[in-house]
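Asks: Residues per chain, in single letters:
Number of protein chains: 2
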Amino acid sequence: MLVIGEKINASIQPVAEAIAGRDRKFVEDLARAQAEAGADFIDVNAGAGKGTPEDQTASIEWLVDVVGSATDKPVAVDSDSPAIIEAALGKYRGERLMINSVTAEPERLASIGPLAAKRQAWLVALAMGAGGIPDNVEQRLAACEVIMNHLSRLGMAAEQVFFDPLVLPIAVDSGQGLVTLKTIEEIKSRYPGAKTVMGLSNVSYGLPNRKLVNRAFLLMAAYAGLDAVILDPLDAKAMSLAKVADMLIGKDSYCKAYIRAHRQGTIVD
Amino acid sequence: MLVIGEKINASIQPVAEAIAGRDRKFVEDLARAQAEAGADFIDVNAGAGKGTPEDQTASIEWLVDVVGSATDKPVAVDSDSPAIIEAALGKYRGERLMINSVTAEPERLASIGPLAAKRQAWLVALAMGAGGIPDNVEQRLAACEVIMNHLSRLGMAAEQVFFDPLVLPIAVDSGQGLVTLKTIEEIKSRYPGAKTVMGLSNVSYGLPNRKLVNRAFLLMAAYAGLDAVILDPLDAKAMSLAKVADMLIGKDSYCKAYIRAHRQGTIVD
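Chains Y and E supply the protein sequences, listed in that same order. Sequential numbering from 1 applies to the first sequence in the numbering used here. Sequential numbering from 1 applies to the second sequence in the numbering used here.
Source of the hints: derived by calculation from the structure; they are not laboratory data. Each hint should be verified, as a subset may be incorrect.
[As the list claims (entries may be wrong)] Here are the simulated lysine-lysine pairs, PhoX-like style, with alpha carbons at most 20 Å apart: (1) Y:Lys211 / E:Lys237; (2) E:Lys91 / E:Lys25; (3) E:Lys91 / Y:Lys237; (4) Y:Lys256 / E:Lys211; (5) Y:Lys211 / E:Lys25; (6) E:Lys182 / Y:Lys211; (7) E:Lys237 / Y:Lys237; (8) Y:Lys182 / E:Lys182; (9) Y:Lys188 / E:Lys182.
[Claimed, not checked] Quick look at which bits of chain Y chain E covers, simulated, 3 or more residues with Cβ under 8 Å: (10) 158 to 167; (11) 216 to 229; (12) 238 to 246.
Glycine included, each C-beta is placed from N, C-alpha and C at the ideal position.
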């Protein structure tokens, strides 16, 4: 299970302050802590709708520069603005990076698709179009089809695409957990080379013990075919379960990675 | 998720002593504690190979009598001996019970099958024959087919059969988690009326943090289609996750059971 560390996000108040104040050490520490905890990618989100477009551009440029120099893990540039993504790409000095995210909306595909193709970036693709998150598997897959067709025409390989099946709160509709899990299965079946990625927390919106519910969902999603997860790598329980998940579905030969993590004391219950 | 409480088992030393000493209160308390913790069935295992056949028969008769009077949850008579099962059936005064277990071995089907059919019992059927636990899905399903054919001829409905897909330690063969999960899926697909049941602990044999691994496997198995689990109902973490599992796969409308359990303080992380 690939882990995308979610902590450098301006929707978290101390992070927003660190970005605004250009607190280099704060951001570097947060990047390194996530990398050391096992993150494979470091997500960076400079916030949306705050400040002028110039402010936002300057913030993402600063962020990818700081994070890129603090760790050798690839950065995931997290924005739905083509201008911000383009600015980040211009400043990022690492070899490979991830762009998070595109949807099936034509204007986003037309603007973000070529940026990802040109830079040979991994691209997170949300299984939705202009109408918001569909409540059923079929419409999510239809969005994936539109995206895959478009990206193929741009020369992108399925291996570069990380489809996000999306998840709606089960407190609102008890069937939504299964909708997401079945969407993952179908994506893996239709596009064997493509990857899947997901944030977990929407599933538990409105419920008590949210982290418990999120972690349980991670295990089911891993069996359904989830390749990558966006989470807090400093959550030792979640990271432990990501390793257990790999082991249970045969992705950890001889249980080597799990046993090594246990010996390092990082498996917690 | 149906829960079969596993604690009244003579392989556990204090239980063996309570059975030998006919300590009625000990066994009653253990039955009631499991029922109160949410067990749907109370497994009773009087031990194998200890004492004369007459001793063993007397022990199981005593056990089903004590457990049957202590709780109104159905008993699961746990033995591979037709004589012991028959003795238990003779003494059990409850309406419905479970027999645990039969295999595809002809002599066991021929002896235990009719006992289950006559009593309209639920029957746990292990996905194996005389050769031991197969290491692959196909041979486990072949065993299920032999069993289902035999039980059908005896007039048993699929709904009475709880197939156990069986699990071998992933520490020995990393692919065995998937073999079990795929076996569950296939059983549910081939026999839509039949149920599936499993004990979890074999999966983690030889690994550290076994309970963590077992609970993670429970979540994956629930998504694969597991209907019932044999575990310790006094393990609050496992019981919590059984409820979370039901909720995530849409078996808990409006998350009612989960929220009720949370209000009762029984959801633990």
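Asks: Against this structure, judge whether each hint is valid.
Replies: Cross-check of the supplied hints:
no., hint, in the structure
1, Y:Lys211 / E:Lys237, "holds, 14 Å"
2, E:Lys91 / E:Lys25, "holds, 19 Å"
3, E:Lys91 / Y:Lys237, "violated, 47 Å"
4, Y:Lys256 / E:Lys211, "holds, 18 Å"
5, Y:Lys211 / E:Lys25, "violated, 40 Å"
6, E:Lys182 / Y:Lys211, "violated, 28 Å"
7, E:Lys237 / Y:Lys237, "holds, 14 Å"
8, Y:Lys182 / E:Lys182, "holds, 15 Å"
9, Y:Lys188 / E:Lys182, "holds, 16 Å"
10, 158 to 167, "violated (count 0)"
11, 216 to 229, "holds (count 7)"
12, 238 to 246, "holds (count 4)"
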